[in-house]
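Enquirer: One-letter residues, chain by chain:
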Amino acid sequence: GNSVTQMEGPVTLSEEAFLTINCTYTATGYPSLFWYVQYPGEGLQLLLKATKADDKGSNKGFEATYRKETTSFHLEKGSVQVSDSAVYFCALSDRGDYKLSFGAGTTVTVRA
Amino acid sequence: SAVISQKPSRDICQRGTSLTIQCQVDSQVTMMFWYRQQPGQSLTLIATANQGSEATYESGFVIDKFPISRPNLTFSTLTVSNMSPEDSSIYLCSVEGRRRGHEQFFGPGTRLTVL
Chain A
1 GNSVTQMEGP
11 VTLSEEAFLT
21 INCTYTATGY
31 PSLFWYVQYP
41 GEGLQLLLKA
51 TKADDKGSNK
61 GFEATYRKET
71 TSFHLEKGSV
81 QVSDSAVYFC
91 ALSDRGDYKL
101 SFGAGTTVTV
111 RA
Chain B
1 SAVISQKPSR
11 DICQRGTSLT
21 IQCQVDSQVT
31 MMFWYRQQPG
41 QSLTLIATAN
51 QGSEATYESG
61 FVIDKFPISR
71 PNLTFSTLTV
81 SNMSPEDSSI
91 YLCSVEGRRR
101 GHEQFFGPGT
111 RLTVL
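These protein sequence lines map, in sequence, to chains A and B. Going left to right, the first sequence walks through residues 1 to 112 as the numbering used here numbers them. Going left to right, the second sequence walks through residues 1 to 115 as the numbering used here numbers them.
Do not rely on the hints blindly, as some may be mistaken.
Unchecked claim - DEER-style ranges, computed between Cβ atoms:
id	chain 1	residue 1	chain 2	residue 2	range
1	B	S53	A	G1	32 to 38 angstroms
2	B	F61	A	G9	39 to 45 angstroms
3	B	S81	A	R67	27 to 33 angstroms
4	A	G1	B	G40	21 to 27 angstroms
5	B	L73	A	S85	19 to 25 angstroms
6	A	F18	B	S81	43 to 49 angstroms
7	B	T17	A	V82	36 to 42 angstroms
8	B	T113	A	T20	32 to 38 angstroms
9	A	D54	B	E86	28 to 34 angstroms
As the list claims (entries may be wrong) - Computed list of lysine-lysine pairs in PhoX-like fashion (alpha-carbon distance at most 25 angstroms, straight line):
id	chain 1	residue 1	chain 2	residue 2
10	B	K65	B	K7
11	A	K52	A	K68
12	A	K68	A	K56
13	B	K7	A	K56
14	A	K99	A	K56
15	A	K52	B	K65
What the hints assert, rightly or not - Not everything, but these chain B residues come out facing chain A in the computed CB check (under 10 angstroms):
id	residue
16	L45
17	G60
18	I63
Note that these hints are calculated values from the structure, not bench results. We put the CB at the ideal spot given by N, CA and C, even for glycine.
My request is simple: use the sequences and hints to build the entire structure.
Expert: Put into structure tokens, the structure is as follows:
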């Protein structure tokens, strides 16, 4: 079956630091990959996505590249801000199966 | 993306009672889903709400505990029945994007506390 393994947190950073959150996946088909973000007290928002190998998703300064050879989709941001403090979820959707499988989530706290 | 609203946004309920959560979408969608997010945990799919037929439940979830209705392509309800403190969670509905196998968009969630 499909599964997502995500770097455990919590992660605490200073403003302007570099952020990486590791995500690897197991899927039977050719999945689409996603990063969702949940800001404090808010719902789940799609941050970025990639639908095929070597695609790079990007949004709000965040990037992630779909690496089929390493079955990974690591999230990166070069310079974080306090407003990036949130819980980040890696997820996949197998095209043959519409269901979303989520990682455990990584809590990121950015300090001024 | 679709605009999704949920009611209520939060509630505090007594053990043994039931709560019905509503999910409204501003456009017609084929696929609607219900998820549970237990405190400090990730999201777990409860069921897929099918229009015109019975919902499809995931392993560990049953219709008697979580009955779902889907009367049309813009609306669904999830009932949490005979609640216990273990049902305290955030319940979220989601809809599929334009293409199968791609992103889902989530409602703001309903935060349920059972005493």
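Enquirer: Work down the list of hints and note, for each, if the structure agrees.
Expert: Status of the hints after comparison with the structure:
no.	hint	verdict
1	B:S53 to A:G1: 32 to 38 angstroms	violated, 24 angstroms
2	B:F61 to A:G9: 39 to 45 angstroms	violated, 27 angstroms
3	B:S81 to A:R67: 27 to 33 angstroms	violated, 44 angstroms
4	A:G1 to B:G40: 21 to 27 angstroms	holds, 24 angstroms
5	B:L73 to A:S85: 19 to 25 angstroms	violated, 37 angstroms
6	A:F18 to B:S81: 43 to 49 angstroms	holds, 48 angstroms
7	B:T17 to A:V82: 36 to 42 angstroms	holds, 41 angstroms
8	B:T113 to A:T20: 32 to 38 angstroms	holds, 35 angstroms
9	A:D54 to B:E86: 28 to 34 angstroms	violated, 43 angstroms
10	B:K65 to B:K7	holds, 19 angstroms
11	A:K52 to A:K68	holds, 8 angstroms
12	A:K68 to A:K56	holds, 12 angstroms
13	B:K7 to A:K56	violated, 36 angstroms
14	A:K99 to A:K56	holds, 22 angstroms
15	A:K52 to B:K65	violated, 38 angstroms
16	L45	holds, 6 angstroms
17	G60	violated, 14 angstroms
18	I63	violated, 18 angstroms
Checked against the numbered hints given earlier, the structure breaks hints 1, 2, 3, 5, 9, 13, 15, 17, 18 and satisfies all the rest.
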